[in-house]
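Based on the provided sequences and hints, a complete structural model is requested.
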Amino acid sequence: MRAIIIDDERLARAELKKLLQDFPEIEVIDEAANAEEGISKIDSLNPELVFLDIQMPGKTGFDMLSELERAPYVIFTTAYDEYALKAFEVNALDYLLKPVEPKRLADAIQKLHLTEQKENRHGTENVNNSLLSESDQVFVKDGERCWFVKLSDIRLFESVGNYAKVFFGTNKPLILKSLNALEERLDEKTFFRANRKHIVNLRLIEKIEPYFNGGLLLELKGGEKIEVSRRQTVKFKEMMSL
Amino acid sequence: MQIMRIGKRLYWVFQLSGWGLFTLINIFFAFIFDKIEWKFGFRLMIYIGLGLLLSHGMRWVVHRTNILYKPLQSQITSFISITLVFAMLVGISETYIQQYFDILPRESGTNRPIAVPKLILNNAFYSFVYLFIWNCIYFIYHYIEKSRKQQLDTLKLEALVKELELKTIKAHINPHFIFNSLNSIRALVDENPERARRAVTELSNILRSSMQVEKAETVNFEKELNIVKDYLALENMRFEDRLKVVYEIDEDTLDQQVPPMMLQTLVENAIKHGISKQLNGGIVKIVSDFRNSHHELIVQNTGYLNGALNGHEGFGLSSTQNRLHLLYGDKANFEIRQATPTLVEAKLSIPVEAK
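So the sequence lines, in the order shown, correspond to chains A and B. According to this note's numbering, the first sequence is numbered sequentially starting from 1. According to this note's numbering, the second sequence is numbered sequentially starting from 243.
Everything labelled a hint here was simulated from the structure, so no lab data went into it. As the structure is a computational prediction, the values presented were derived from the model and not from experiment. A hint or two may mislead.
Simulated restraints on C-beta separations [stated by the list, open to error]:
no. : chain 1 : residue 1 : chain 2 : residue 2 : range
1   : B       : Gln454    : A       : Glu36     : 38 to 44 Å
2   : B       : Tyr570    : A       : Ile29     : 56 to 62 Å
3   : B       : Asn468    : A       : Ile29     : 41 to 47 Å
Lysine to any residue pairs mimicking SDA-like chemistry, simulated, CA-CA at most 25 Å apart [unchecked claim]:
no. : chain 1 : residue 1 : chain 2 : residue 2
4   : B       : Lys519    : A       : Ile26
5   : A       : Lys86     : B       : Asn416
6   : B       : Lys514    : B       : Ser452
Every residue gets a Cβ at the ideal spot worked out from N, C-alpha and C, and that includes glycine.
Put into structure tokens, the structure is as follows:
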């Protein structure tokens, strides 16, 4: 598993690298000293795993993640930070406290292997495939709360100005991405542009009803009712008849 | 217990001298108007006896009903009604005792005794006046005593709050810093064992001083500066070339007294809100100098002041201000400002001690 360490302190990176020598399956391919550098290295190297410090100059680790198109597996590292610890508690993200206890590191990596097996993600290494697949996860931050969300759990994107509202579970946080940009990146076999304002997850549709003007009304698993425009209805029917 | 006993003795002093004075005044006027006779003396003795007894009973009622702890409004009404009741009691018992001994006063110019109901009212009226004065003294004494005690309690409470505040401010060492330092030290153990050993010493010094500091109001500036130096050496180990430290210390200021951990807090803030937020780090400059008979301590750091004065981060600053005020009153000063577009400057100015 290829990993990147992102931390603003060289010694902290060196220490973690040293600890990781005991885990030959984790290959540290690069390091970054701040969020900007982190983003560009993640984009170019496409690692499966990132060790991420929260407190960094410029942007925090959370900010960095929410700017990524596709979030890799992340293990957070922090020294002591009440706010970050609170975020971890709320969202059950995996984290290590510095100085890192080797046993805790082993546990975290063990947990990672389990998730990986379950999801069988990146099994066939879809390197730099620009399309996001269903098993990809995104990092969503809304105020104090944040989530790793699998695309297959998202039932709806709704356009709100420059933002998009993401519907999953009982949450609907905003992300700073336009619906058009999202549409380009999403797999159209799963995510369908129903109208100007909505992209729906085809696998999470509960009911389909005819609507005026030969359009359709989709009811999603969360109860949201989305109208399919007349033009898109043709396309929708084509896709569904396949 | 002690206080109660003193209060009781004081009560008897007041009580006996009050009624004694009353007796003397009565005898004095009787002497002047030449009315000294055995009936007058007898009546006076009866009256004094009743007065002592019933005013003491009145005190007992006041104690039993806890009137003194009620709101002022109801205290006043209670006192007046108690005075009325006891005045009636005195009036009634005085009159009947006088009747029993057959020493009722006569109607002026005749030898007929005054009718009993009229006499009761008459006696009650005079008693009301005396008991009213008695109660006024009692009430005012307790009122003053209570407010003095309250004032004392408030002062004690304020002092306690201040002490606690100081303790929490002083004992504050950023845990983020401690754990990050420990993490760096662990990395250095292999990379640079010599530096690692030094770092352990530096960290110990800081931890020790933060524990000892609670005892002293002020410390030698040299001691404080050494802690700051240890602290910055550790931060330098973490930030490496992202942190540059400059000292401009006037040697003569080293034996000045300063509040412990105050400069340290400012330097910590300079790192936390300044250097650690800059991608390329920056500079921390510490200046110690004399100016206008004040000891001036300046901490400059690369960074921006925007909004740092509010909310959570403002706590450290306002507590620095409070501490200075507690220690030096208006003679000390603290300010923080954007000195140049890229430099934030915090300035402490402490009055120079006369030796």
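Checklist entry - Okay, B/Tyr570 versus A/Ile29 on CB: inside 56 to 62 Å? => result holds, 58 Å
Checklist entry - Does B/Lys514 pair with B/Ser452 here, judged by a C-alpha cut-off of 25 Å? => result Holds, because 18 Å separates the two Cα atoms, which is no more than 25 Å.
Next on the checklist: Can you tell me whether the CB distance of B/Gln454 to A/Glu36 sits inside 38 to 44 Å?
Outcome noted: holds, 43 Å
Checklist entry - So does B/Asn468 sit 41 to 47 Å from A/Ile29, Cβ to Cβ? => result This hint holds: roughly 43 Å between Cβ atoms.
Checklist entry - Does the alpha-carbon distance linking A/Lys86 and B/Asn416 stay inside the 25 Å limit? => result holds, 17 Å
Checklist entry - Under the criterion that the straight-line Cα-Cα distance not exceed 25 Å, is the pair B/Lys519, A/Ile26 satisfied? => result violated, 30 Å
Against the hints set out earlier in the document, a violation occurs for number 4 only.
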